[in-house]
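A.B. asks: One letter stands for each residue in the lines below.
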Amino acid sequence: MDFEFSEEQQLLKDSIEGLLGDKYDFERRKKILESADGWSREIWKQFAELGILGLPFAEEHGGIGGGPVETMIVMSTIGNALVLEPYLPTVVLAGGLIRRFGTDAQKNKYLPQIAEGKITGAFAHTERQSRYDLFDVKTTAKAAGNGFTLDGSKSVVLNGDQADFIIVTARISGNSRDKDGLGLFIVDAKANGVSRRGYRTIDGLTAAEIQFSGVKVEADSVIGKPGAAYPLIEQIVDDGIAALCGEAVGVFSALTEATTDYLRTRKQFGVNIGSFQVLQHRNVEMLIAAEQAKSMTFLATMMVNEKDPVTRRKTMAAAKTQIGRSAQFVGEQAIQLHGGIGMTMELKVGHWFKRATAIDIQFGDADYHLEQFGNMGGFESAA
Amino acid sequence: MDLNFTKEEIAFRDEVRDFFKKNVPADTQQKLIEGRKLEKADIVNWQRILNKKGWAVSNWPKEYGGTGWTPVQKYIFLEELQRAPAPDPLPFGVSMVGPVIAAFGSEEQKKRFLPRIANIDDWWCQGFSEPGAGSDLAGLSTKAVREGDFWIINGQKTWTTLAQYADWIFVLARTDTKAKKQEGISFILCDMKTPGITVRPIQLIDGGKEVNEVFFDNVKVPYENLVGQENRGWDYAKFLLGNERTGIARVGISKERVRRLKELAKLEVSGGKPMMEDPRFRAKISQIEVELKALEMTQMRVVAAEGKRRDNKPDPASSILKIKGSEIQQNITDLLMEVVGPFALPFADEDANGSNELPVGPDYAGPLAPIYFNYRKVSIYGGSNEIQKNIIAKAILGL
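Protein sequences appear in the order of chains R and S. The opening residue of the first sequence carries number 1 in our numbering; numbering runs sequentially from there. The opening residue of the second sequence carries number 1 in our numbering; numbering runs sequentially from there.
Quick caveat, the hints were computed from the structure, so don't treat them as lab data. Computed from a predicted model, the values in this text were never measured in an experiment. Misleading hints may appear alongside valid ones.
[What the hints assert, rightly or not] One-sided excerpt, in silico: chain S residues whose CB lies under 10 Å from chain R:
id: 1; residue: Phe5
id: 2; residue: Asn51
id: 3; residue: Thr158
id: 4; residue: Lys181
id: 5; residue: Gln182
id: 6; residue: Glu183
id: 7; residue: Lys255
id: 8; residue: Leu264
id: 9; residue: Glu268
id: 10; residue: Ser270
id: 11; residue: Pro279
id: 12; residue: Arg301
id: 13; residue: Val360
id: 14; residue: Ile391
id: 15; residue: Lys394
id: 16; residue: Leu397
[Stated by the list, open to error] If the Cβ cut is set under 7 Å, some of the chain R residues that face chain S in the computed set are:
id: 17; residue: Ser15
id: 18; residue: Leu19
id: 19; residue: Gly21
id: 20; residue: Ser213
id: 21; residue: Gln280
id: 22; residue: Glu291
id: 23; residue: Phe298
id: 24; residue: Thr321
Glycine included, C-beta positions come from ideal geometry on N, C-alpha and C.
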């Protein structure tokens, strides 16, 4: 039982914190946020040079073979600095699907390019009707010649507007809510029949609605066995949840600390407002919510490679519930304790709050995961 | 980072689990599962079984019978004890006065008291709180005045748990009225049979009488019953209160209670279906389970850090354990009461235990509402949750 980072992990943490400390202060981030792309290719290149774009990939694919703890460290720093670049969709989700389930040819084609920062990816799964149910897919994949033809539309695809390649889930057989019959397809974003409408999400990230109309994919662009993609989708979403938990830890500690600093310096009635017990206790409750979230993040990180899907999914559902609850509490209280200034776009606190809110929603909010957790029987069985 | 126990720790856990399985008296265990009150004999018998095994006072220094376990082993022991479930070793002796005597007592006091505490040959109770000194404990006004070879104690203690069974009481008394309030307090051991001591039971909202008022009217105690130095009692009290904080989350007990809750939720029916299948009720249980798992992980973080700490001060993070642990315990008692619906209403008087009255409704319903009422105490005792928040605000946030 050990919760400390190894020397290498500490080094990784220091180096990415160093980079973001130099290049990603609030003013610099504001400029990136206001740019047309919404994220910086220059920063992305520096991520590549640091090695974090290939973090989870094997060395033969240009990576450094990091595990879930390394991803947690990077994501936590991303949360703290409110990084806008598409790390989660590219490295964790699209890159992760190829890393975990791709053929050698697919790995050789995509992973080194991701690691070098040359291409970014997206995972196009959510649809208008699906909400958070991972099996609910209406987009179809019909066998055609050597490969498949895709038809349908995907919603709120992170980095969907600018990704060079998109991994799409589509139904090969069965009804729209069957777990069987799903496939994963790698699609070139410039392929005929792909149309995208890009936009910003509430937290300043970029996303897209994507329409697929008669899009042709070759057999070598299928990930895993056609029709049997559901467990793969579950695994990659669990990877996404664990990464989001890591990011949330960075966001929550930043919100708690910023609030403590504010209580120490803001004066009213001739004293620091941190001398008022009602505000002290609220800040303590924020700290507790942040620490509980951190504890569950450690658990999610350790369990993300668990082979038994029920044990793994149950743990992820519990972790995502805790993260969602803490996000709402820590975020709302940070704004409340900052008062009027917390309402403005001029302070980082509001931006952290918006990211926290988005983290709760992504891959299923606290109430959704609480229900899933209960459906899977919870942790304890009846006496 | 690694969440797993080592091979040795797993072997230790199995040994402890096996011992509890074979040695916890069945009727004691059943009372804990059903939430019924333990008798004095239940607690004494069990602690003597533990003492024979050498595990009754695991937290003490090795020379006085401690086990020398690592923080992780102590954590495993407590988790398994609560999971069994089995009674805690009597805290007033084992966790409170025992460690104080071992650290600050005279050789004579150690020889005289420690072995008897371990075996509950003496039952101890705690003379700290007073009607005018609760959260502000240092404001206590019970006085001890030296007269030759004796202390003369006058005053009143309250909330004294299980004083009705006690042979001895450890008392915080003011011995210097002119000094700063923390610097005029002494820690004195007092035989409950001394003339002038009166115990009056206080009935709590659950109907039980587990706490008492203890009155001191010119109680004459030998001078050598002073622990450590005169007027240093506050330091010893802080040492006592800071001791053994990892058990306060009571994760093992809460897990056992959740298992019980789920069992009853399968038996009780609402809308023609077991309560366990009611999505609203199940979501409430799930929410508790999520928070409990997070608390367990937080506790493991505190325990792992404890093994690496050099100083002997309690980790302020243990205040988080106290706050969340008590909230979760209380939420579970709330659901345990909710699960039996109207059968939470009939009052099962524990003083009528053993009478021939048949229980009203299911036989498990009787203790559930009283436990709900009784467990309001857990966010009050040992430093209320509001005091814990003051501690965190000061020690961690620096406010």
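A.B. asks: Checking against the hints above, which ones are violated?
C.D. replies: Hints 2, 3, 4, 5, 6, 9, 10, 13, 17, 18, 19, 20 are the ones this structure does not satisfy, whereas the remaining hints hold.
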